[in-house]
Amino acid sequence: MAQEVLAPLSGNISKVSVGVGDLVEEDDEMFVVEALKMEIPIYAPCDGTVSEITVKKGDAVEEDDVLASID
Amino acid sequence: MAVLDHMGIFAVTPGMAVMWLIGLLLMYLAISKEYEPLLLLPIGFGILIANLPLTQLMEPGEGLIWRFYHYGIEWEIIPPLIFLGLGALTDFGPLLSQPRLIFLGAAAQAGVYVTFFAASSLGFTLEEAATIGIIGGADGPTTIFLAGKLAPQLLGACAVAAYSYMALVPIIQPPVMRLLTTANERRIRMKKGRKIGAREKLWFPIAASVVIILLVPASAPLISMFMLGNLFRESKVVERLTDAAQNSLMNIVTLFLGLSVGATMSAENFLRKEVILIFFLGLVAFMIGTATGVILAKIMNLFTSDKINPLVGGAGVSAVPMAARVVQRMGAEADKKNHLLMFAMGPNIAGVIGTVIAAGIFLTLLE
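As given, the protein sequences belong to chains A and B, one line each in that order. As numbered in this note's numbering, residues 1 to 71 make up the first sequence, in order. As numbered in this note's numbering, residues 1 to 367 make up the second sequence, in order.
For reference, chain A alone in the conformation it holds in the complex (with noise of 0.2 Å):
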């Protein structure tokens, strides 16, 4: 079953710390968000793989916004 990971405020993605295909843990960083100048780590809300990635660096992101899914 698929979780999404959202964007739990907004700001600009500074960096993706992962890629479609991925395995990842629980509470592995998988995005930075930049919002007031400050670096803001996105964490995995769960074990799996990741299977979409919905933004790429730069790209400016509401609070709630879908980064990726993982399953």
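Just to be clear, a hint being listed does not mean it is correct.
What the hints assert, rightly or not - Simulated pairs of lysine to aspartate or glutamate, EDC-like, Cα-Cα distance not exceeding 20 Å: (1) B:Lys195 with B:Asp91; (2) B:Lys191 with A:Glu63; (3) B:Lys337 with A:Asp47; (4) B:Lys337 with A:Glu62; (5) B:Lys195 with A:Glu63; (6) A:Lys15 with A:Asp65; (7) A:Lys57 with A:Asp22; (8) B:Lys337 with A:Glu39; (9) B:Lys336 with A:Glu39; (10) B:Lys337 with A:Glu26; (11) B:Lys191 with B:Asp306; (12) A:Lys37 with A:Glu63; (13) B:Lys191 with A:Asp65; (14) B:Lys192 with A:Asp65; (15) A:Lys37 with A:Asp59; (16) A:Lys37 with A:Glu4; (17) B:Lys195 with A:Asp64; (18) B:Lys337 with A:Asp64; (19) A:Lys37 with B:Asp91; (20) B:Lys236 with B:Glu200; (21) B:Lys192 with A:Asp22; (22) B:Lys191 with A:Asp64; (23) B:Lys337 with A:Asp65; (24) B:Lys336 with A:Glu63; (25) A:Lys37 with B:Glu34; (26) B:Lys337 with A:Asp27; (27) A:Lys57 with A:Asp28; (28) B:Lys337 with A:Glu25; (29) B:Lys201 with A:Glu62; (30) A:Lys15 with A:Glu29; (31) B:Lys192 with A:Glu25; (32) A:Lys15 with A:Glu4; (33) B:Lys336 with A:Asp27; (34) B:Lys195 with A:Asp65.
These are computed hints drawn from the structure, not numbers from a lab.
Please arrange chain B on chain A, whose structure you already have, making use of the hints.
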């Protein structure tokens, strides 16, 4: 030999030389350590050149720097224009989303009032004590605005203290916040507030201006400019004006501000024991404001099941967004998946308004 008489070298006093060192120190902090460089660099340089003798730069009526100071600060144009830019940069969403966070912004102003009484009891006049107290509001333009009206002789010292401590917020606040909170409290995750629509964000600056100015008319110069800038931003139909307010205007005005403030810091004005007291009281003001914000959050938690992370109270000290970043960092240290940044922006911005209202109250009582 008349040429020698006019050379500045022979008119240098030891006091001036000390001020050069201070100017150089501020420029070093700005450039090497990146402490508030937008202000401390021109302030540092302004101190240096204002303390070179025989230049007439600060000669009333004629001096170049005097003109910036007189028309920008004495005529109270520069701080309101900075507020125009700040309003255009501010998003009231986080505050409107959880309005109860306004109280945390208000609580942190206690640092201002406690310091006012402390300064007054230490021998400063009421006007001077108010200017020193407002340092605790962690808001540069408001400090300069109030000093210009109530205690221009303390303008330089209070401005440098305010901007220095704003830069040092990541060092000053955490120990206070850690002392007053348990590890469990620091891990509290907060529930998101409701989503705020564009129309609400459009009405807010209009309604807020009317309410605040009706209650505290003396705050009008700063509040009206702040809310106008915000209205530009939220209307979304004046992008050119919003962009000018956020960028070119802010940059130009900040440039004049730093230079004018630095130039008031002549050796006679600055090398007095009162200045050491001002720096001490300013630090106290920051620390007390942090403490009262955190404490009020803990008290509010006694009355609600929707808990507030008390760290967020520390962001009521309105160094925007430095204090909010401190909250984010401390929250992430306790629980790396806890993102408090946007919650902290609520009290952070409320604190700006709280400080302006405090300044307005001081002006009403003392001017």
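Handout entry: Satisfaction of hint between Asp64 of chain A and Lys195 of chain B, Cα-Cα up to 20 Å
Key = holds, 11 Å
Problem - Proposed proximity, Glu4 of chain A with Lys15 of chain A (alpha carbon, max 20 Å) - result: holds, 18 Å
Exercise for the section: For the pair supplied as a hint, Lys191 of chain B and Asp65 of chain A, confirm whether the alpha-carbon distance does not exceed 20 Å. Expected result: Judged against 20 Å, a Cα distance of about 17 Å means the pair holds.
Practice task
Decide if the proposed pair is consistent with the structure: Lys337 of chain B and Glu39 of chain A, CA atoms, cutoff 20 Å inclusive.
Solution key: Judged against 20 Å, a Cα distance of about 13 Å means the pair holds.
Practice task
Verify the proposed pairing of Lys337 of chain B with Asp27 of chain A, using a straight-line Cα cut of 20 Å.
Solution key: Holds, at about 8 Å.
Practice task
Compare the distance between the alpha carbons of Lys201 of chain B and Glu62 of chain A with 20 Å, and conclude whether the hinted pair is satisfied.
Solution key: holds, 17 Å
Problem - Restraint status (C-alpha distance of Lys195 of chain B to Glu63 of chain A at most 20 Å) - result: It holds: about 10 Å lies between the C-alpha atoms, which stays within 20 Å.
Exercise for the section: Please work out if Lys37 of chain A and Asp91 of chain B have their alpha carbons no farther apart than 20 Å. Expected result: At roughly 15 Å apart (the allowed maximum being 20 Å), Asp91 of chain B and Lys37 of chain A satisfy the hint.
Exercise for the section: Below or equal to 20 Å on CA atoms is what counts here, so check Lys336 of chain B against Glu63 of chain A. Expected result: holds, 18 Å
Handout entry: Straight-line alpha-carbon gap Lys337 of chain B to Glu25 of chain A, limit 20 Å
Key = holds, 14 Å
Problem - Proposed proximity, Glu39 of chain A with Lys336 of chain B (alpha carbon, max 20 Å) - result: It holds: about 12 Å lies between the C-alpha atoms, which stays within 20 Å.
Practice task
Below or equal to 20 Å on CA atoms is what counts here, so check Lys195 of chain B against Asp91 of chain B.
Solution key: Given pair Lys195 of chain B, Asp91 of chain B holds - Cα atoms ~13 Å apart, limit 20 Å.
The structure fails to meet hints 16, 21, 31 from the earlier list, while all remaining hints are met.
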